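A.B. asks: Spelled out from the first residue to the last, the chains are:
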Amino acid sequence: MIPEPICPGTFSAANAIWEAAQLEQRSVDRRFLDLLPAEIESWQGQGIITPQQGQAIIDTYPAPAPPRGSYGRLVTVLAILGVVLLALGVILFFASNWGEIPRILKLAMFLIGVPTTYIIGYWLRYRRGYHRVGMAAIFLATLFYGAGVHLVAQAYNVPVNDPQLFLFWFLGVLPVAYVTRSQAILVLSILLFLASVGFLLPLWLDDGDAIPFLVFPLYLVLGLMLFGLGRFQAQFDLTRTYARAYEIFGMLTTFGALYLLTFRFWFEEFRRRDLASPGTVAWEFWLVLFAATALAALSLGGTTWQQIRIHRPLLTLPYELVSSFILLIAVFLLIYLPGGNDLTYPLIFNAFLLLGIVGLVFLGYFRSEEVWINIALIFFGLDVFSRYFEFSFDLFDRSLVFVGAGSILLAGGFLLERGRRKVLERIRTSGGEV
Amino acid sequence: MSHKFKVAFFAIVAAQMVLLLAMIGVKEYTLRTGTTVVLQTVPVDPRSMLQGDFVILQYKIATLPAHLQTRKLAKGTVVYVVLRKGQEVWEAEGYDLFQPGLGEVFIKGRVDGSGRLDFGLGTYFVPEGTGRIIERASDIKVKATINSQGSAVIKEILVDGEPFSPGSE
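These protein sequences, in sequence, are chains H and S. Going by my numbering, the first sequence opens with residue 1468, and the numbers climb by one from there. Going by my numbering, the second sequence opens with residue 10, and the numbers climb by one from there.
Worth flagging that the hints you see were computed from the coordinates, not collected in a lab. Computed from a predicted structure; not experimentally measured. Heads up, a few of these hints could be off.
List time: in silico DSS-like cross-link candidates among lysine-lysine, alpha-carbon distance up to 30 Å [said to hold, decoys possible]:
| no. | chain 1 | residue 1 | chain 2 | residue 2 |
| --- | --- | --- | --- | --- |
| 1 | S | K15 | S | K81 |
| 2 | S | K150 | H | K1573 |
| 3 | S | K36 | H | K1573 |
| 4 | S | K81 | H | K1573 |
| 5 | S | K164 | H | K1573 |
| 6 | H | K1573 | S | K13 |
Simulated coverage check for chain S against chain H, where a stretch passes if three residues somewhere in it have a Cβ under 8 Å from a Cβ of chain H [claimed, not checked]:
| no. | region |
| --- | --- |
| 7 | 88-96 |
| 8 | 125-135 |
From the three backbone atoms N, C-alpha and C, an ideal C-beta is built for every residue, glycine too.
Extracted from the complex, chain H is given alone in its bound form (with noise of 0.2 Å):
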């Protein structure tokens, strides 16, 4: 219930107050309550309310309440945190391989271990209702998953960096994630997927040279298919609880490598060879290239006809086809095409990369989300700063260059604050939520 006003026709600033609380009680802004304290002792200061009526006007308001869930993220961080250090101690543990223990004590330690860590973890999940402890618990089996992978490769030898270890991580972690539906898990599982495919890089290419060239468009094609799944899924109940790590790994994966393949350098020392013919390259890499393309192109076609569908608006599905299917043809034209230079190849990139950041923040406003404009922000400032020093080093004073670089970092992080300010604000005002 809202109070009657103080001393009604007597004092306008207390009677506006007033009003406005009597509309929007339930829509306070935070921020407005924040600084209602400070305002009123300006105003008693000035004489313009007295502190009885001060302490009225407070008491209309309901007391700021902590952010929402924020105990809860709290709790999340610090399990997950505990859970790292404590992984990482095992690991590090083991990895001295401590010549005191033998072989089959360390793999009875492992192979006892996981399993009761999973149990705990499942008994406090589930049985006592613990949950992010819990949940902590099996995401701590996951990693003692992974470390008793390569502790058998260890105490057999089996050569250092084998692509199986990762991939064997990886093919054990992504059940449990779907299971416990555990975004932690499920970060981890996408991460190990993607580092299974940079280990078995090497046994699919010969030439160094060839990084930019194959690699980097592997890594932004695949990034698309992550950002594809995660769409598709969030089309489904069952699933939509999954498609948000999906969408930001596939993103930031995707941008991470437009990013590298804006430097010029790379294109700089490369004596093209036709990287398409047969034997170059092995069959293996070409396979999971056409197969993540396929995927990309299916998970992000299937959303457009589950949308259509259901007579769901299309919103920026279109937006994300086209640009998905135009950088899909860079990649390919990169790969298959041959005169580029460099010159060429790093504008082209460089140009796809800034429509990327446009096409990021466009995405972020109409789907009302922050984390889009946050990437591409974060990307926009990274671009700014790499093609600074690429074209300022051969050109000017070292000194001059530094002293650049740090008022680009400084004027670039204030004018980036606020440009994302303005954005979250306007999405804000829109009704959106961030």
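Got chain H sorted already, so can you dock chain S onto it with the hints?
C.D. replies: Coordinates of chain S only, in the frame set by chain H:
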């Protein structure tokens, strides 16, 4: 939680254990049933983040003979090395692109990026800080066990003729 969920959860945990046991089983089977050979090698000493200190071993038999070098075999090509017992170590008797017949002792290798053969025996993990002992040694040999398909597992490492045991140093 539903019965279905419980079954799915513990089935995944069981599958993870099966995978770990399978990795162990394959290696143990080779160690227990294969032919043991001693191979001449040269070490270098780096470190892995997840697995600790190790030495990289380069084998004398990993160098392809001239007639295969000229053929410029593609990376990943499987080459079988037929082994013959010498005075102290087993030597390469022949290199073949096809699996040798029964009765022969052979090891399977794949051509790596540098044109040498990788037998999957290139890494030997050592207790932290003990890699230098191997690095300083004048003679390093590897005792490995090879199964009937030519896949090998390191059994132990011989430093100057003695089994490597850093605890006794």
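A.B. asks: Hint by hint, work out which the structure violates, then give me just those numbers in ascending order.
C.D. replies: Violated hints: 1, 4, 6, 7; rest satisfied.
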